[in-house]
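Engineer: Sequence:
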Amino acid sequence: MYAIRPAEFADLPAIQHLRVARARWATRKGIGTPQYRQLTQAEKKTAHPLVVTWDGEVIATTTLIDQPPYAGWTRRELAQRAIGLVRVITTPSPEHSLGWLLTYWVTDYAARSEREWVRICVPGMRLACRWCTGLGWEHVRSHHPAEDQTVHLLQRPAEQRPSSSLAALVEDRMPLPHSHSAALNSPPRPGPPLLPLTSGTQTTANGARTNKTTPIKEI
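Residue numbers (our numbering): 1270 to 1488.
Hints are computed from structural coordinates only; laboratory data are not their basis.
Source: prediction; values computed, not measured.
C-beta atoms are modelled at their ideal positions from N, C-alpha and C, and glycine is treated no differently.
Treat the hints loosely; a few may be bogus.
[What the hints assert, rightly or not] Just the calculated beta-carbon pair ranges, DEER-fashion: (1) Trp1294 with Leu1404: 17 to 23 Å; (2) Arg1345 with Ala1272: 32 to 38 Å; (3) Glu1346 with Asp1324: 35 to 41 Å; (4) Arg1293 with His1412: 25 to 31 Å; (5) Gly1299 with Arg1350: 38 to 44 Å; (6) Glu1487 with Arg1399: 25 to 31 Å; (7) Glu1346 with Leu1396: 17 to 23 Å; (8) Gln1349 with Arg1399: 22 to 28 Å; (9) Glu1326 with Ala1348: 39 to 45 Å.
With the hints as constraints, model all of the structure from the sequences given.
Structural biologist: Laid out in structure tokens, this is it:
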């Protein structure tokens, strides 16, 4: 069964494996290596990385942020309550319809979080068309952050699903919206940068040891 839960330090090797597998798939398809931009400081304050698992195996990851991702949104759109979906990485295995699964789940999650929209920024018109025609997203506009770069801003309205149908599809282990809504709007606790994962615990820059099941803020 599918499950969606917060990403943990123990997931980092599996997430790296996903990145490599997706990059190799993209190379074979001739569509270029995926580029995952760094989150801005504002995005990091509200970032909630998650993983999708199938029978315990990590098969996808993304990060929720409490604002529309990337530039290009109007002042009116920025004033609307929205969840941003950034850094989506999925297994290239065709047996999983992960774009559909994430769309179905995140629109419900946004509704339960009292948000109006879910928004995402994707590179390439081919991918944007797939999200729009196959998954029901709306193409809001194209944006040109640099002279030789075009990205596409997409959105879907929040939509609460019947709890029985969602539960039959995926085990939702993400914190309930009311239990972390305050955290979404408060700055993160200061702390030292984390070094790469090497064993069952994570070592911070000052030598402290952190359990590998601790949720992480950025992947």
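Engineer: Determine for every hint whether it applies to the structure shown.
Structural biologist: Hints, verified against the model:
1. Trp1294 with Leu1404: 17 to 23 Å: holds (19 Å)
2. Arg1345 with Ala1272: 32 to 38 Å: For Arg1345 and Ala1272 the Cβ distance comes to about 37 Å; the hint holds.
3. Glu1346 with Asp1324: 35 to 41 Å: Holds, since Glu1346 and Asp1324 (Cβ atoms, about 39 Å apart) stay within the stated range.
4. Arg1293 with His1412: 25 to 31 Å: Once the Cβ atoms are compared, 29 Å apart, the range 25 to 31 Å for His1412 and Arg1293 holds.
5. Gly1299 with Arg1350: 38 to 44 Å: holds (39 Å)
6. Glu1487 with Arg1399: 25 to 31 Å: The hinted range 25 to 31 Å holds for Glu1487 and Arg1399, with Cβ atoms some 26 Å apart.
7. Glu1346 with Leu1396: 17 to 23 Å: Holds, at about 21 Å.
8. Gln1349 with Arg1399: 22 to 28 Å: Because 25 Å falls inside the window, the suggested range holds.
9. Glu1326 with Ala1348: 39 to 45 Å: holds (40 Å)
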